[in-house]
Amino acid sequence: MATATSTTLAPISDSRKLRNHVATFAMYACFVIAMIPLVWIIWTLVAKGAGLLGDPHWWTNSQRGITSRIQGGGAYHAIIGTLLMALVTALIAVPLGVGTAIYLVEYGRGRIARAVSFMVDVLTGVPSIVAALFIYALWIGTFGLHRVGFAVSLALVLLMIPVIVRSTEEMLRLVPRDLREAAFALGVPRWKTIMSIVLPTAFSGIVTGIMLGLARVMGETAPLLILGPYAKAINTNLFSGNMAALPTMINQDRVEALKPAVDRVWSAALTLILLVMVLSLLGRLVSRLGSVKTSR
Amino acid sequence: MAKRIDTSGLDVFYGDFKAVEDVSLTVEPRSVTAFIGPSGCGKSTLLRTFNRMHEVVPGGRVAGKVLLDDEDLYAEGVDPVAVRRTVGMVFQRPNPFPTMSIYDNVASGLRLNGVKGRTLLDETVEQSLRRANLWEEVKDRLNKAGSGLSGGQQQRLCIARAIAVEPQVLLMDEPCSALDPISTLAIEDLIFELKNRYTIVIVTHNMQQAARVSDRTAFFTIAGAGKPGRLIEIGDTAEMFSRPSERATEDYITGRFG
Amino acid sequence: MRGAGLAVVLLVALVGIFLTWKAVPSLLHNKAPFLTSRVWSPDTNPPRFGIAALLWTTVISSIVAMLLAVPVAVGVALFITQYAPKRLATPVAYVVDLLAAVPSIIFGLWGIAVLGPVLAAPNSGLRQGIENSLGWIPLFSSTGVSAGNVFLASIVLAIMILPIVTALSREVFLQVPRANIEAAQALGATKWETIRMAVLPFGRPGVISASMLGLGRALGETIAVTIILSTPNIGAPFDPSLWAGGETFASKIANAAGEFDTPQKTGAYISAGLVLFVVTFAVNAVARVVISRRKEV
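Protein sequence lines correspond, in order, to chains A, B and C.
Take 12 as the starting number for the first sequence in this note's numbering and just add one per residue.
Take 13 as the starting number for the second sequence in this note's numbering and just add one per residue.
Take 3 as the starting number for the third sequence in this note's numbering and just add one per residue.
Next up, chain A with everything else stripped away, as it sits in the complex (with noise of 0.2 Å):
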């Protein structure tokens, strides 16, 4: 074969081809790096956390009466307090977020569904402890009432909105135009429509939006500092009281310097980081299920 020394099919330039290399190199080496605080943080948690979460007791008690020198406890309190609040959080911030949603993708025409666009946007950036705050002044500076675990639930309102609408308006678009169509023809009317055929299309949209959301929320740390008091023993009334929660949990011990206590905190984000993942991963999982069947 000529090909090799031909003239016309002479190879490129070495230092194109070494340009070309380098930044192959490059895009390989930004993956390793994103990749490693991932699996250090991990290796850190499952190392230094581990521990204590083979233990039946670390699932079923609370901290109450445990010392920094005293070896486990439970972080049940925690477990409880940190599923309350959210739970009651998507209590609130499902109807509104699928409302919003649906106003958007159904309703929504001209300047109120731009500015209502926006502020869903507006929303996803506002800081937790932005959205702590307000319901400070409005919860405690304004009503006079307490720090307690429903005021917390009220501030992740906020976070957890943005989330619902976003993702259960990516499902509701979805929804082929025709099926919407084929319900009008037949003179049921919008919002029957909706109801029937459109909700329960969008089903995995909105369910995946909901765990996104409580895996968001769970996490929050800043709210609970604000407005939800940490406390060592299981509390689950949300309007009197103290109340645990994984992330104050962690933030009450992590300055100690005693071995138990440093355990329980590492145990605990393993713990909290159990719970956020195997959310965000069925979140996925859903909306995966969810958008195969759509599209075929």
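Incorrect hints may have been included.
[Said to hold, decoys possible] Listed below are the simulated DSBU-like cross-link pairs for lysine-lysine, each with C-alpha atoms no more than 30 Å apart in a straight line: (1) LYS239(B) x LYS88(C); (2) LYS267(C) x LYS77(B); (3) LYS77(B) x LYS28(A); (4) LYS151(B) x LYS128(B); (5) LYS88(C) x LYS28(A); (6) LYS193(C) x LYS28(A).
[Unchecked claim] Residues of chain B placed beyond 12 Å of chain A at every Cβ, according to the derived structure: (7) GLU67; (8) ALA94; (9) GLN139; (10) ARG153.
[Stated by the list, open to error] So these bits of chain A aren't anywhere near chain B, every CB distance computed over 12 Å: (11) ARG27; (12) LYS28; (13) VAL57; (14) GLY76; (15) LEU210; (16) PHE214; (17) ASP274; (18) VAL289.
Hints listed in this document are in silico derivations from the structure and should not be mistaken for laboratory results.
Even glycine gets a Cβ: it sits at the ideal position worked out from N, Cα and C.
Model the placement of chains B and C on the given structure of chain A, informed by the hints.
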């Protein structure tokens, strides 16, 4: 400058799917060869093997040979990038770089090859635009975005961009299908002029266009869905349109199918 | 439905209104210039507080974080969209998204307990390299490294915003028209040249707004920064170096969270929160405008 293309026993695949089977043909230098045939017959696919653009689709590969004069484009050690520098291409839809000016669009290929001198760039840009019959229309706005031109102008800009690097062969994949009749005429005139310098292969759906611009015509067809496209015949355009030697060609040209 | 939509608008408006309402009385009593003073004693009578130091640390830590994160994020987005084989691209994107799911308190914990010691070690090559080469700029000079320094906070913030910037950049790179890419390839561009000619110019506005969104997130990040940054002693001279500790708006508020006892004192912190709200609002709004303009084109 212009070179000949020879294929022998060329099969083209997308993954396991054979899109084109056993094509052996010759494209003569300094002439226009048109590829015609019904949709899905593989004429565009075949065209894209001439500059190895076929490979950018995942799973795209060929078996057989494509020779540019005596060099095998698919020989081991041949860089597809080098092939594409030598064999230029114009696409179905005009695709100037949207963020570049008219000047930078034409100069982009030269800059890739390390041409830096301002005078040389200026000269080549002007010459290429002139050869693409676009100079008079754009000479006062060379620094404006290429995307501001009309569709026909954009296509001529893309032709100028392709010929600025002095390719051996110019491939045109239905270059007029997105254009209005007047712009089409302008491109056809241009093709007629360009064939004095370049080997041109044009894929077209439009048989009148093939008859107008090409010296030789290759007719492809497909036996059925899922079957590979095949070359039925290739020959002198005037002859093929008046006395096709194959029944299938005649049916297609006279509009009985396709 | 429309009610729900309007409720969202109302909610954002209420955030601004309430914060302003609660901040104004304290601001009126404030005897220090709010924007330019570095003093923070909101419980004296009269109160004196200013945000200059907070603003500096907030902005500098976030900008350094953005500068660290954006190149890597763009690289990862290009890797996913242009380099990785199809079968690998989806799981990789998925794993990067998982990073976004890590709660910020865990980033903080890991940052101070694991990454910090690596960076602050007296023989840390990275730090000494930076100090030796850039030490003449006050930002990089050190009079002693604080364990919880701003640079450490920036690295952790960079990791936290990486998935956001990656996800949005990935989205715009996927939208690059095939025709643009093929135009470059057909001219004989290498892969990298194709990216420079067709992919990056098309994606630039998207990458810019993605960076802004990441910046917005970094500006408002609370607990990770609170855990990492060591609070300067009261009365200590202000140190602008990246190797010093400091306080951001969010960490200042979080550190005082348990002590909101008088309306006047609370008002001072709410004023700081209001500034943070305005700044993040502005950054996000600009980012969104850039994105939506892109969509209309």
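Here is what the structure says about each hint:
| no. | hint | in the structure |
| --- | --- | --- |
| 1 | LYS239(B) x LYS88(C) | 27 Å, holds |
| 2 | LYS267(C) x LYS77(B) | 82 Å, violated |
| 3 | LYS77(B) x LYS28(A) | 26 Å, holds |
| 4 | LYS151(B) x LYS128(B) | 21 Å, holds |
| 5 | LYS88(C) x LYS28(A) | 24 Å, holds |
| 6 | LYS193(C) x LYS28(A) | 10 Å, holds |
| 7 | GLU67 | 15 Å, holds |
| 8 | ALA94 | 5 Å, violated |
| 9 | GLN139 | 21 Å, holds |
| 10 | ARG153 | 31 Å, holds |
| 11 | ARG27 | 8 Å, violated |
| 12 | LYS28 | 8 Å, violated |
| 13 | VAL57 | 37 Å, holds |
| 14 | GLY76 | 63 Å, holds |
| 15 | LEU210 | 38 Å, holds |
| 16 | PHE214 | 34 Å, holds |
| 17 | ASP274 | 50 Å, holds |
| 18 | VAL289 | 34 Å, holds |
Of the numbered hints listed earlier, those contradicted by the structure are 2, 8, 11 and 12.
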